[in-house]
Amino acid sequence: MSGLVHGAVYGVLILAVVLTTSGLWIWGERKFAARLQTRLGPTIVGPFGLLQAVADVLKLLQKEDIIPAQADRALFNLAPVLAAFCALGVAAVIPFSPDVIASDLDVGVLYILGLGALTTIAIFLGGWASNNKFALLGGMRSVAQAISYEIPLVLAAMVPVILAGSLSVSDIVRWQVGHHMFALWPIVPGLPAFGIFFMAMLAESNRIPFDIPEAESELVGGITTEYTGIKFTLFYMAEYVHTLVGSAVAAALFLGGWDGPFAPGLHWMVAKTLVLFVSVYWIRWSLVRFRSDQLLTMCWRYLVPASVLLVLAAALWVQLFPEFL
Amino acid sequence: MTSMQTPTHTLKWPNPHLDMAAFEAEGELMLLHLGPQHPSTHGVFRIDLYLDGEVIVKAVPFAGYLHRGVEKLMERLTYVQQTPIVDKHDYVAPMTSEQALNVAFEKLLGVEVPRRARWLRSLFAELQRIASHLLALGTLSIDLGGALGGGSTLFIHCFRERELIMDLFEEVTGARFHYNTHTIGGNRHDVTPEWAAHVRSAMKTILARLPEYDSMSIDNSIFIERTRGVGVLDGRLALELGVTGPNLRACGVDHDLRRDAPFHAYDEVPVNVIVEQGGDSLARVLVRVREVRESIRLVEVLLEGLPEGPICSYRPIKLVGQVKIASGQAYAAIETPRGELGTFVIAGGGEGNASPYRLKFRPPSLHSLSALPYLLPGATLSDAVTILGSLDPIMGEVDR
Numbered sequence: 001m002s003g004l005v006h007g008a009v010y011g012v013l014i015l016a017v018v019l020t021t022s023g024l025w026i027w028g029e030r031k032f033a034a035r036l037q038t039r040l041g042p043t044i045v046g047p048f049g050l051l052q053a054v055a056d057v058l059k060l061l062q063k064e065d066i067i068p069a070q071a072d073r074a075l076f077n078l079a080p081v082l083a084a085f086c087a088l089g090v091a092a093v094i095p096f097s098p099d100v101i102a103s104d105l106d107v108g109v110l111y112i113l114g115l116g117a118l119t120t121i122a123i124f125l126g127g128w129a130s131n132n133k134f135a136l137l138g139g140m141r142s143v144a145q146a147i148s149y150e151i152p153l154v155l156a157a158m159v160p161v162i163l164a165g166s167l168s169v170s171d172i173v174r175w176q177v178g179h180h181m182f183a184l185w186p187i188v189p190g191l192p193a194f195g196i197f198f199m200a201m202l203a204e205s206n207r208i209p210f211d212i213p214e215a216e217s218e219l220v221g222g223i224t225t226e227y228t229g230i231k232f233t234l235f236y237m238a239e240y241v242h243t244l245v246g247s248a249v250a251a252a253l254f255l256g257g258w259d260g261p262f263a264p265g266l267h268w269m270v271a272k273t274l275v276l277f278v279s280v281y282w283i284r285w286s287l288v289r290f291r292s293d294q295l296l297t298m299c300w301r302y303l304v305p306a307s308v309l310l311v312l313a314a315a316l317w318v319q320l321f322p323e324f325l
Numbered sequence: 326m327t328s329m330q331t332p333t334h335t336l337k338w339p340n341p342h343l344d345m346a347a348f349e350a351e352g353e354l355m356l357l358h359l360g361p362q363h364p365s366t367h368g369v370f371r372i373d374l375y376l377d378g379e380v381i382v383k384a385v386p387f388a389g390y391l392h393r394g395v396e397k398l399m400e401r402l403t404y405v406q407q408t409p410i411v412d413k414h415d416y417v418a419p420m421t422s423e424q425a426l427n428v429a430f431e432k433l434l435g436v437e438v439p440r441r442a443r444w445l446r447s448l449f450a451e452l453q454r455i456a457s458h459l460l461a462l463g464t465l466s467i468d469l470g471g472a473l474g475g476g477s478t479l480f481i482h483c484f485r486e487r488e489l490i491m492d493l494f495e496e497v498t499g500a501r502f503h504y505n506t507h508t509i510g511g512n513r514h515d516v517t518p519e520w521a522a523h524v525r526s527a528m529k530t531i532l533a534r535l536p537e538y539d540s541m542s543i544d545n546s547i548f549i550e551r552t553r554g555v556g557v558l559d560g561r562l563a564l565e566l567g568v569t570g571p572n573l574r575a576c577g578v579d580h581d582l583r584r585d586a587p588f589h590a591y592d593e594v595p596v597n598v599i600v601e602q603g604g605d606s607l608a609r610v611l612v613r614v615r616e617v618r619e620s621i622r623l624v625e626v627l628l629e630g631l632p633e634g635p636i637c638s639y640r641p642i643k644l645v646g647q648v649k650i651a652s653g654q655a656y657a658a659i660e661t662p663r664g665e666l667g668t669f670v671i672a673g674g675g676e677g678n679a680s681p682y683r684l685k686f687r688p689p690s691l692h693s694l695s696a697l698p699y700l701l702p703g704a705t706l707s708d709a710v711t712i713l714g715s716l717d718p719i720m721g722e723v724d725r
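Those sequence lines, one after another, are chains A and B. Sequential numbering of the first sequence, starting at 1, is according to our numbering. Sequential numbering of the second sequence, starting at 326, is according to our numbering.
What the hints contain is simulated information worked out from the structure, not anything from laboratory work.
Computed cross-link-like contacts, EDC-like style, restricted to lysine to aspartate or glutamate with a CA-CA straight-line distance of at most 16 Å:
| no. | chain 1 | residue 1 | chain 2 | residue 2 |
| --- | --- | --- | --- | --- |
| 1 | B | K397 | B | E676 |
| 2 | B | K649 | B | E676 |
| 3 | B | K413 | B | E396 |
| 4 | A | K133 | B | D373 |
| 5 | A | K133 | B | E353 |
| 6 | A | K133 | B | D377 |
| 7 | B | K685 | B | E400 |
These numbers come from a predicted model, not from an experiment.
Chain B extracted, bound-state conformation (with noise of 0.2 Å):
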């Protein structure tokens, strides 16, 4: 297999543009189009796979079968309408996709956000980043186990847990999934002590059910002789692919928003960012899992700590052309459960100002996806399901 990886040497990392027509192959090639319907593709996306027997020579990814044109649609739709749209972005984590949205708006307008609305964001964040680590373990192990076998096993037993989560944000929101709850200066929706009690349950339900799905994965063998080396990503490379978030993390590289530019209440409260060497699948499920325990930690000081006080500080909205911006420009990032979720937003467009004149996202999940072309060259067919879904993207914030 190495012998055809002629220009490998000369390069800094696999090549990913390798010229087909000068490849030489031991036998013949077989191009595989992996996706847009393939049960492990998480959402529509394809990749083109050129496979010698099993192995992967060349991988092409195409992103944009969800596109939905969602940018140019929030040229048009008012500030206050965005809101809603942009949880259908992550769709796993709808919470921190409209923390992202609104700390844009707040930064361009200069709005100061009460105390105890930043306390609810972390707080909501972290519990979502517990419910996405959970699903993102959960699809792992079906793309490893498959849905008639251990894979489903461990992955309903997630949902499981994902879903007193999901119970926790209706008593709150109302909604199970596309919450509304954020807005410009803060929070719709204020928590109460006992919502705060059933917090603490749940909490301590899903801690105390964390070993058994630590032995159906990271503790299993076949579980880490399927994940263990496959899909090496280098630091540096990711870096200088903007891969963030758990994926970067898993790749030696300490970085983390909540800690390097803090926003909600991260300054107030210190988050231990975790961190590990490997860069392979199984780093990457590793930092995730871990990354639950550390959110559940959170959670439990965001509770004890939770200021009282209102929870918006910009006047109530009444009409949707409410908010009017007449210029500037801002770009504010968060972390997402999957990375650095940006948005960048220049005001003025739209009837009256009332909208902006160009909003750009930068989801964290399109650019852990540039790094397929240089992982799965390599790599089997099986692998190569196992790095997408270890790598966690969610299409719908990759294709917009």
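So here's chain A without its partners, still in its complex pose (with noise of 0.2 Å):
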């Protein structure tokens, strides 16, 4: 019983959190990109343009709410809560410290794939619903994307698994902490397998070099082209709760987690998520996207046999050097 209470809790409070502090997120990438372009970036609302967001989502929530007469008007509903709920579902199993963790499950690694594999459903729908062509393409790309990079994915995901011997969070967390690593430990799968995790993290949450479904020069708006006011807001939250949280996976997985010296482990772990997102929005503002096709073949040719290798490499590792674990 006080598990469950200990549960809800943290769920609510992980929950309001994020939900409170993406519109700061937004902020901060908008002050990042502006300053990467030699703008200002906002200045107006608030103490340095800080309400900017909270602005923004005022003014979409009294956006009218269109529904195109030949959606499919269910389903095109369906598709934003769904989006939203699967990029703020996966924060439940991130131990953002030893304590600070809604609900550890034995198999949050699964629980967390196959959440975020979710999304593209969400996203598909949208694009299928909207019964528009430029959705529906976007709805297509998404697709492709996510059924190549889900393999790339899952493989790196396997690396620390295989290594831990767990699929829970936590568990692979506290192993690393166990072997007085903060990060990579063993350096020769995991550092590999941190690249390709955070690769495929950019394509689960469609970000450039990857977001092709919603590359707005070719597709106009992608899956949200009919989109609009709060269903809009709710795709767009989605997105960037995908983003956070994707980063804080890779960093509970890869990079130790709460572990590190002089600070809380709650600290620690929110600032190594921190860089990862502002690595996702560096490269975000400093790429050009590439061309589906590529994308594929670079998956297929590159990502997927190195990760298959990695997962032997990790297994072999755990079985013949156990010692040096």
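Work from the hints to combine the two standalone chains into their complex.
Right, here's the structure in full:
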């Protein structure tokens, strides 16, 4: 019973923090991008433009909710909710510190990967239900991309699972702590696995250079072409939360989670997450995007074989040199 | 994909007039209207794309959404009134637009332009070329990388440098964009030594920042991956279609009016013509990027040797109907940043022969766009945007 209360309290807390701070991250990203582009970014609303995201959300809330006449109403309404749900749901099993975790699932990694994959369904639903050619093309691209990138993502996530011998995220972190290494140990399979996981995560959360499902210079708005107001906001928010949570997962699985000297675990976890989060945006505002087929070629020709080899390497390491773990 | 393009082997180039009724697709075809309201059509332009999955089977471009009837309007306006109108044609390079018009009028009247004015015109043209090519690079990278991503970073950086040149023009003409600085027989605004110093410092700034742009475009592996081999235009086809400018020079055709039919001061200032062999989108970008450097060199040369003297040989304009030409016709073409911009004018129209009887433009962008039906089939939807962006069309001069 106390476990349930603990889970509920922290679940609500984490959800609230993620949701309320996502406006802050949006502000941060806009400032960051503006600085890269020799602009100022938001400065008007609130101190340093901090309330810009609040103003944006308020504006979007007031927008007329338009559903195209030819759209599939039920699916059209379901898609943004599902997208937001999947993105937020992942946050439940991320250990922000030994205590701050909503639910310490035994199969946390499986849950994360499964729920992350569901996002694609939400995106495709949105694209299909809009009954718009641009949205449909965006949905098609999203499915093609997800089917490809799911494989290296899962295989890369298997490396820490094999090394730690557990599917629970907090067990994996604890294993990393127990081996006095708060980052990437053993280096041999760990470092490349982190690289592949990070790339596949970019693709999963539709970030440049992998943002082809919503390539607005080609597909106008991609899947969100027909979405307005609060539903568009949900998609938009889901994307941010997905990136944020994805960064947290990568930090927990590969970078030692809460482990670190001189500061409480929670601070370390948040810091690691934010470093990854900023890198995502640094990449986003520096690179142009790939083409769909180049993306798939890269995945199947390089990432999938590499990740299979990494899983093999990790398994052999565990079997042959358990003393070096 | 190749199986369905049955007639291609008998044709010289991919068939742009594919018979859709006889065409057998692997799956269901989708007709997608790219434009007229689409973020990447560089204005109001529509291409009907027949898509098989994401691959384009046939492309039918439609121009005319921005038609303003300017050529008809010119038959009513007097010669004096026309210069500010053509500023709005190629709205990325208004300087060269008005030069093309006035060169044609001067040819018709037999007016000799003073040497200083000719040098000034070359100087303005080269500055305009830098600004225009920077914008072309910026907009292409937006097409490649999106308005909310790396593409827009390069775009805004390019605009920052273009702003420097617009400031220079503002200092001379008082206008940032629609200059109206050229007139029959020369220029209206003279430049000062202080302005020359400003130009030199602006060129220095741009030259120093160019390597940064290279690293984000032509040296960036993703950028190269997206543009290399995309939209390969054959040199002979380009010549047949009348494609000119950087798009033609990217196909390995060594053609530049500045050298081949010198106008302004280009008979005194030799131009190194930039030629690339690829014919693909990357080659078109490379030509522009290299031309920016060449233009910066030309600006230095032109500033150095700028002769003293009058800037206009024709009598000052006091009345709009002052210039009257009874008869005759003339065609004059100059090399704008987009290629050969020609003006054909037949005199003897309007009230008291103060207007042309007929005026016709030969816009380079229109001819570049005519290559689209040949370039698009076989490419994907993403490539369509790349190809269109790399051709650097300006709809204002396509539709007039």
